[in-house]
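S.K.: Residue numbers (UniProt numbering): 1 to 314.
Hints are computed from structural coordinates only; laboratory data are not their basis. Keep in mind that this is a model prediction, so the values were computed, not measured. Think of the CB as a built atom: it goes at the ideal place given N, C-alpha and C, for glycine as much as any other residue. Take the hints with a grain of salt, since some may be wrong.
[To be verified] Distance windows between CB atoms, simulated:
#1 Ser-216 - Val-174: 34 to 42 Å
#2 Ser-127 - Gly-78: 44 to 52 Å
#3 Tyr-93 - Pro-277: 28 to 36 Å
[Said to hold, decoys possible] Straight line, CA to CA, 20 Å or less: simulated EDC-like cross-link-like pairs of lysine to aspartate or glutamate:
#4 Lys-270 - Glu-256
#5 Lys-176 - Glu-275
#6 Lys-304 - Glu-169
#7 Lys-218 - Glu-206
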Amino acid sequence: MIGDVSPPAASIPALEGNEELRKPQNLLPPFSKVVSHFGTSGMSVALATGVTHPLDVLKVRLQMQHVGQKGPLIGMNGIFLQLLKNEGPRSLYLGLTPALTRSVLYGGLRLGLYEPTKVSFDWAFGSTNVLVKIASGAFAGAFSTALTNPVEVVKVRLQMNPNAVPIAEVREIVSKEGIGALWKGVGPAMVRAAALTASQLATYDETKRILVNRTSLKEGFHLHLCSSVIAGVVSTLITAPMDMIKTRLMLQQGPENTRIYRNGFHCGYKVVLKEGPLALYKGGFAIFARLGPQTMITFILCEKLRSLAGLHTM
Numbered sequence: 001m002i003g004d005v006s007p008p009a010a011s012i013p014a015l016e017g018n019e020e021l022r023k024p025q026n027l028l029p030p031f032s033k034v035v036s037h038f039g040t041s042g043m044s045v046a047l048a049t050g051v052t053h054p055l056d057v058l059k060v061r062l063q064m065q066h067v068g069q070k071g072p073l074i075g076m077n078g079i080f081l082q083l084l085k086n087e088g089p090r091s092l093y094l095g096l097t098p099a100l101t102r103s104v105l106y107g108g109l110r111l112g113l114y115e116p117t118k119v120s121f122d123w124a125f126g127s128t129n130v131l132v133k134i135a136s137g138a139f140a141g142a143f144s145t146a147l148t149n150p151v152e153v154v155k156v157r158l159q160m161n162p163n164a165v166p167i168a169e170v171r172e173i174v175s176k177e178g179i180g181a182l183w184k185g186v187g188p189a190m191v192r193a194a195a196l197t198a199s200q201l202a203t204y205d206e207t208k209r210i211l212v213n214r215t216s217l218k219e220g221f222h223l224h225l226c227s228s229v230i231a232g233v234v235s236t237l238i239t240a241p242m243d244m245i246k247t248r249l250m251l252q253q254g255p256e257n258t259r260i261y262r263n264g265f266h267c268g269y270k271v272v273l274k275e276g277p278l279a280l281y282k283g284g285f286a287i288f289a290r291l292g293p294q295t296m297i298t299f300i301l302c303e304k305l306r307s308l309a310g311l312h313t314m
């Protein structure tokens with residue numbers, strides 16, 4: 001929770017025989033608590049993104065193999081060696097600037113909104129069961145992605161073009177495709193983010209609760225590590241197909257009547273039809289290789305930063 005979100009105090013003592021007066025407290029937390037809450041979330045996601053960014057580049061390259069046709073796929077090791085040979089080591093950090101920018105904004109909102117949303121549901125429905133946690137995560141992820149989608153579009157464009165510059169890429173997208181192009185793939189991106197945040201945060205939250213209740217683990221590093229590993233596996237299995245569809249849509253260029261995919265459902269249908277069902281998991285191992293460690297680093301760092309900032313654990 002952000003700051004103190006407990007119900008206001010019931011009353012203050014009566015003075016000189018007068019009736020007791022209720023003095024409601026401000027339900028909004030102090031501004032410093034809000035900054036700490038969202039800041040620790042954004043910092044933890046940004047640091048995790050910086051460490052795992054090369055795997056994100058490999059994932060995008062894997063997902064863009066043989067677009068619209070079947071063919072032998074190059075594995076992650078092959079793509080890695082191909083990148084080093086043709087574009088050099090720096091290619092593994094293509095799109096890092098927008099990736100870090102998005103991490104601070106999207107990550108801070110995604111993690112930061114989860115608990116206030118969960119508390120709001122608790123106040124409204126009197127429950128914080130697993131369904132409430134899933135709904136809270138879905139809302140936080142979808143809302144955050146809708147706001148930060150342009151940064152994600154620029155990031156994937158840069159990852160496919162080693163000579164592009166972020167600001168120049170934004171200008172080119174807007175001038176050639178219109179400002180709406182910055183929200184390409186926003187539908188699948190919101191669905192993916194909702195599924196990712198719901199599966200990741202709800203799994204982490206619920207796993208912590210179960211482990212504390214049924215094992216000897218207590219609040220600390222080992223509990224955070226075990227919970228984040230399980231959250232990383234679950235979120236990868238659920239979101240890999242959505243991630244692939246989102247990437248394909250964001251990298252489409254040209255007029256609408258010349259594009260291969262009309263929307264997310266059409267993209268998924270065409271991929272399964274022309275490339276086979278397993279094509280939805282292109283780059284799946286790279287997604288797990290990135291999302292697994294990123295989930296662990298994010299939650300462990302976030303818990304530590306929250307502790308240092310005087311906030312309660314997640």
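S.K.: Hint by hint, note whether the structure agrees.
M.R.: Evaluation of the provided hints:
| no. | hint | in the structure |
| --- | --- | --- |
| 1 | Ser-216 - Val-174: 34 to 42 Å | violated (56 Å) |
| 2 | Ser-127 - Gly-78: 44 to 52 Å | holds (49 Å) |
| 3 | Tyr-93 - Pro-277: 28 to 36 Å | holds (33 Å) |
| 4 | Lys-270 - Glu-256 | holds (16 Å) |
| 5 | Lys-176 - Glu-275 | violated (30 Å) |
| 6 | Lys-304 - Glu-169 | violated (37 Å) |
| 7 | Lys-218 - Glu-206 | holds (14 Å) |
Hints 1, 5, 6 from the earlier list are contradicted by this structure; the remaining hints agree with it.
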